[in-house]
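Enquirer: Residue strings, one per chain:
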Amino acid sequence: MLFPTLDFGLFFLMAFALVWAVSGSNEWRKILLLLASWVFYGAWDWRFVALLIASALINWGSAQIIYRADTRGTQKLVVTIGVIANLGILGFFKYYDFFLEELGGLLAIWGFARDLPLLQIVLPVGVSFFTFQGMSYLIDVYRGRLRAESLLDITLLMSFFPHLVAGPIVRGADLLPQFKATPKLNRDMVAMALLLIVWGLFKKAVVASELSVNLVDPVFFDPSAHTSLDLLLAAYGYAVQIYCDFSAYSDMAIGIAALFGYRFPRNFNQPYRARSLQDFWRRWHISLSSWLRDYLYIGLGGNRSGTFGQNRNILLTMLLGGFWHGAKWTFLIWGALHGIVQVIETLWRKAKLPGLPKPLAILVTFHIVTLGWIFFRAESFDAAIVYLNGIGAGDWQNGMTTPLLAGLMVLGMAFHFTPPDLTQRIALRLRLLHAPWFGLLVAAAILLIDAMRYEGVAPFIYYQF
Amino acid sequence: MAREMKDQELQSPVDLPGAPIEGHRPLAWTAATIAVAAFLLLCANAGTLAAWVDEKPVTETQQQASALAGEWKATMDRYGITAPREALHGWWKQLQSLRFGDEAPDATQ
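Quick mapping for you: the protein sequence lines, in order, are chains A and B.
Residue 351 in the numbering used here sits at position 351 of the first sequence; the count goes up by one each step and never skips.
Residue 9 in the numbering used here sits at position 9 of the second sequence; the count goes up by one each step and never skips.
Just so you know, not all the hints are guaranteed correct.
Facing chain A, from chain B, some residues (calculated, C-beta under 7 Å) [what the hints assert, rightly or not]:
{"no.": "1", "residue": "LEU16"}
{"no.": "2", "residue": "ALA19"}
{"no.": "3", "residue": "PRO26"}
{"no.": "4", "residue": "THR30"}
{"no.": "5", "residue": "VAL36"}
{"no.": "6", "residue": "ALA37"}
{"no.": "7", "residue": "LEU40"}
{"no.": "8", "residue": "VAL53"}
{"no.": "9", "residue": "PRO57"}
{"no.": "10", "residue": "THR61"}
{"no.": "11", "residue": "GLN62"}
{"no.": "12", "residue": "ARG85"}
{"no.": "13", "residue": "LEU88"}
{"no.": "14", "residue": "ALA104"}
The hints are simulated quantities; they were obtained by calculation from the structure and are not laboratory data.
Even for Gly, the Cβ is constructed at its ideal location relative to N, Cα and C.
Take the sequences, apply the hints, and build the full model.
Expert: Set out below in structure tokens:
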């Protein structure tokens, strides 16, 4: 059930009416939200609802033991087992076949070729998101930052449908306190919520879909059949597409959660106006980068272990961040590129070398990010190399980019250079409208988007992670 | 605070600057806004509804729903309520068909 579909629209209307109808009881409200979330998740595959419940049970049970344990040793043992269980779920569904295939390749090289038991495992949608969420809850309880909460709250934390399949990674510290009482709506959050939903719909259904179908997908499918200009523009197109696709999901998730009265943290902040890769990661998928910082980078020693240690920690964090996206070498290379550039930036800063002028720094950062996207999007390492060689071939004929596609790319980049609080300023005006006028505006905006959207809606890119 | 976070992480985008408008029955305002939007879309975007029903697996209920949605669309068409959406879609198709030169001859238009 994708957000920008009528199926989801009807599901949302029913859930909204039912949940607010029982809001006299916070417990019943949460139970209904939980059931709605399972219906939402079960629309992909009912079997994985059981996995979601099992994952919640593991984290709830482990947290209860940690919270009640008398000794630090017991707490450490249980948190270790809990984290391993979460990683086990992630590893089995996401990486089992990858590692076995790689092992098979190595054995063949060493002359011990074997038929290894590949399982062709179906990847549960959103498994990377809910396992990371579960782990952060467990670690926060271990670190004494959170209390162990009820089974209902933990299951809802992990299952709550707006963030379930593609984030943001909403931590226990963000959401659990909001589950304590029936939330209250106000016009501010509703105005912003509806604006975010409509804005997300536009970015996904119009910009990302049009660029994907008519430029990015055909060029990346067969890079050797396209000119240098097509390859270059498709790389820019993918940079715009992935931003419009993923930030659209986050915007809609934040907006939908707000209509139920819950606040999700910001997940994007105009990433392509970043002046460095470190700045980029403070603006792109903020819930993942802050997760990696708090639970991995700092856990490894952060910047407290000398220059060598700090750079090693940056590189490891980015490599694992890349691998989180999927079991492919191209994701590791993408992570390594981001890690290496951040190491260079750290060394540059420590050597007190002069920085680039702001516009040049933004331009250089954007092109490093776009280079990374080529590996991220390519089917394989070889395909990425063919792609890069094609850009260098020097054939500057336009074979793909129409005025509309060029306009959408410019628009996708222009979003980054508007005032950062533009949507909030618009929402401040919308909240003053009478309901019928606001409803008319929302309907007109959705009608306009529907008239422009590409036929059918492709899944969000981050569903596969 | 459970952990140290930077300002941009702490804030949810739905928390607007300044004092929020409290009171004024926000749930009723929200429900009315959504209801008006849904009703207007049901009328002005009747074609999308009919197409959605037609895409569902064929059952007796689906066929009844399809007939109803078809009648609804025909009624909205008759009164010209779906015309704005069709006009906008036509303009968008024209934009899609624009070319700089002879690029993308096979692209979907």
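Enquirer: When the structure is checked against the list of hints, which entries are broken? Sort them ascending.
Expert: Result: hints 2, 8, 9, 10, 11 break, sorted rising.
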